[in-house]
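Undergrad: Chain by chain, the residues run as shown.
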Amino acid sequence: MSAVIKQQQAVQAGDTLVSLRGLNRHYGDFAAVDNIDLDIKDGEFLTFLGSSGSGKSTTLSMLAGFETPSSGEILVGGQSLVNVPPHKRGIGMVFQRYSLFPHLSVRDNIAFPLDIRKLSRAERDRKVDAMLKLVQLEAFAHRRPAQLSGGQQQRVAIARALVYEPRILLMDEPLGALDKKLREDLQDELRQLHRRLGITIVYVTHDQEEAMRLSQRIAIFSHGKIVGLGSGYELYQNPPNAFVASFLGNSNFLKLTTTSNGSATFEGASLGMRLTPGANVGQQVLLMVRPEKAQALSVAQAAEQPLLPGWNQIPATVTETLFLGESQTCSVVTRGGTAMTVKALSAAGMPLQAGEQVQLRWAAADACVYTHWEEGDLNKAAGAH
Amino acid sequence: MLLTPNAMSRRLRVGLYLTTAAIGLFLLLPIVFIVLLSFGSSQWLVFPPPGWTTKWYLQFFANPEWMAAAWSSLKVAALTTVFAVLLGLPTAFALVRGKFPGRELLYALFTLPMIVPLVIIAVAVYALFLKLGYTGTLFSFVVSHVIVALPFTIISIINSLKLFDQSIEDAAVICGASRLQAIFKVTFPAIRPGMVAGGLFAFLVSWDEVVLSVMMASPTLQTLPVKMWTTLRQDLTPVIAVASTLLIALSVLVMVVAEIIRRRNPVNA
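Each protein sequence line maps, in turn, to chains A and B. Positions 1 to 385 (the working numbering) are the ones given, in order, by the first sequence. Positions 1 to 269 (the working numbering) are the ones given, in order, by the second sequence.
Note that these hints are calculated values from the structure, not bench results. The beta-carbon is built from N, C-alpha and C at its ideal position, and this holds for glycine as well. Be aware that one or more of the hints could be misleading.
Label-pair distances were calculated between CB atoms; the ranges are [stated by the list, open to error]: (1) A/27 to B/28: 52 to 58 Å; (2) A/185 to B/93: 36 to 42 Å; (3) B/192 to A/149: 23 to 29 Å; (4) A/70 to B/104: 22 to 28 Å; (5) B/13 to A/180: 43 to 49 Å; (6) B/93 to A/216: 39 to 45 Å; (7) A/118 to B/59: 57 to 63 Å.
Taking lysine-lysine and the BS3-like style, the derived pairs with C-alpha atoms no more than 30 Å apart in a straight line are [to be verified]: (8) A/225 to B/99; (9) B/99 to A/88; (10) B/185 to A/118; (11) B/185 to A/88; (12) A/133 to B/185; (13) A/133 to A/88.
Taking beta-carbon pairs under 10 Å as the criterion, some of the chain A residues facing chain B (in silico) [as the list claims (entries may be wrong)]: (14) 65; (15) 85; (16) 87; (17) 90; (18) 94; (19) 95; (20) 102; (21) 115; (22) 157; (23) 160; (24) 172.
Required output: the full structure, derived from the provided sequences and hints.
TA: What follows is the structure, given as structure tokens:
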């Protein structure tokens, strides 16, 4: 451990702290983790987001040392971790089912890493007290884990993982077992904790809203590969590929045939689109419009409001409208049979009826264009939350 | 429950009560008889006893042969317990955690002594020890008892190990403990009820084992059940009832202790 820690001291905040290089984990013919390259910055909150079996947890396990890579490198501060056993990595970890020691009190649970390190009694007590204060569990110090609520147990687990001041904290779906309200509270606490401590956190979740709330960067996993990496904003607004577009949030996909680099036809209508490198004339491309970026206007409204330059318009028929409280959605089908959804804040109003003819509008700049995709990418179920 | 009192006719309910009581009596009566006879004044094991006495107990405790047998039984049972747990613990870990071909087969092999008729094991072990010249030794008693006790110990420990969430052990490891430290500091305390139960099972198996023990016994070394068996063939003294009562008493005590430990431990409860 000491060698690794010393090496870590040389790393400046914001520099790369952890590097995964060509990381693989195979089980027989199955590649659970398939040639992953990733740099994790010192002090950042990075989330591995993906559905179960996408390889996110296996990657985290390799970082912790519970899984051995089939090939590839894990570097922390430039030093290889691959041959360092997990108990000497000096990494903190919080598990999904809390994994507290059931026979020890809260205080002794938190003190466990310090007892292993044979700290003096006074120093141990001082650090444990500081941790109990940090997670606001001073009053519960003498309870057993079984006498705590799920949220309190997870706080103890966090304190136990932080008490020996690791540089890196791994969290494997730590809030998965909690109900929604408590989850959101703990997410806020966790974000504040991260800001206060400046520790590097690698977080695994299958919940995209959680990933958005917590992380500075998100790595989206699919079939053992990282298929998208960036801030939640970047990944949502400009998904790098059709899979990420379909996986994150909701999306409308239209298949267009290009007529020039910047225009295309869809069901006979001529549409403008972003300039897209690699798109040849006459090629089929995929257009992605977020439901909240599109508008559905009744025929009368469309006649009143002229189409702005840079905007597209196609006719469609309303199939269903749904009121969802904060927002409302309107499902439509185009003349060619492509289903689309438009979403708007309830406050904006969308007085449409099923069966009504509408004009669908969106700004060409708001729609992403993909030249390559697979049909499976467009299937929401493949990356369901 | 499917049969709520309301939905069940009164007659059926009374019938069930009576059947249950009959079965309970059938199981309990021999024990009750033996205990009562051990306090009976008749030396011919007459029931109901014409009067009450504790003289058979005094006779039992005054007889060096009975005392030696009881002491041997305790020694054998204690050693069997220790070795069954020491062997059962790593075996259970290998069978639960190990990923190797033939694991299921190995499990079947370890539990085989529960299925194979005892007398076959007894003959086999006897033949072996006869050849090696170990019959009549403490060693032969303990080894043969461990063979039949081990399956109970292994199954008991396997059950608690399967219930134990291994990520708790992983948590200890990531906290800085080596795998061995983690097992000793975290896993063993967590599966202690299973270990204790496994040990008590081993004790009980050894304590009232008679088939193997008869084979292993020598004039100088015999266990309580063996002494009862040989005495019974000579005369029918109420001291046998005393020995039986003591045998039962210790077994019940062990079961009660096991239950108390199980209830007190918050883990895996």
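Undergrad: Are the hints correct? Go through all of them and say.
TA: The hints, checked one at a time:
no.: 1; hint: A/27 to B/28: 52 to 58 Å; in the structure: holds, 55 Å
no.: 2; hint: A/185 to B/93: 36 to 42 Å; in the structure: holds, 40 Å
no.: 3; hint: B/192 to A/149: 23 to 29 Å; in the structure: holds, 26 Å
no.: 4; hint: A/70 to B/104: 22 to 28 Å; in the structure: holds, 27 Å
no.: 5; hint: B/13 to A/180: 43 to 49 Å; in the structure: holds, 47 Å
no.: 6; hint: B/93 to A/216: 39 to 45 Å; in the structure: holds, 42 Å
no.: 7; hint: A/118 to B/59: 57 to 63 Å; in the structure: holds, 60 Å
no.: 8; hint: A/225 to B/99; in the structure: holds, 27 Å
no.: 9; hint: B/99 to A/88; in the structure: holds, 25 Å
no.: 10; hint: B/185 to A/118; in the structure: holds, 14 Å
no.: 11; hint: B/185 to A/88; in the structure: holds, 17 Å
no.: 12; hint: A/133 to B/185; in the structure: holds, 26 Å
no.: 13; hint: A/133 to A/88; in the structure: holds, 27 Å
no.: 14; hint: 65; in the structure: holds, 8 Å
no.: 15; hint: 85; in the structure: holds, 8 Å
no.: 16; hint: 87; in the structure: holds, 5 Å
no.: 17; hint: 90; in the structure: holds, 8 Å
no.: 18; hint: 94; in the structure: holds, 9 Å
no.: 19; hint: 95; in the structure: holds, 5 Å
no.: 20; hint: 102; in the structure: holds, 4 Å
no.: 21; hint: 115; in the structure: holds, 9 Å
no.: 22; hint: 157; in the structure: holds, 8 Å
no.: 23; hint: 160; in the structure: holds, 7 Å
no.: 24; hint: 172; in the structure: holds, 9 Å
Checked against the numbered hints above, the structure violates none of them.
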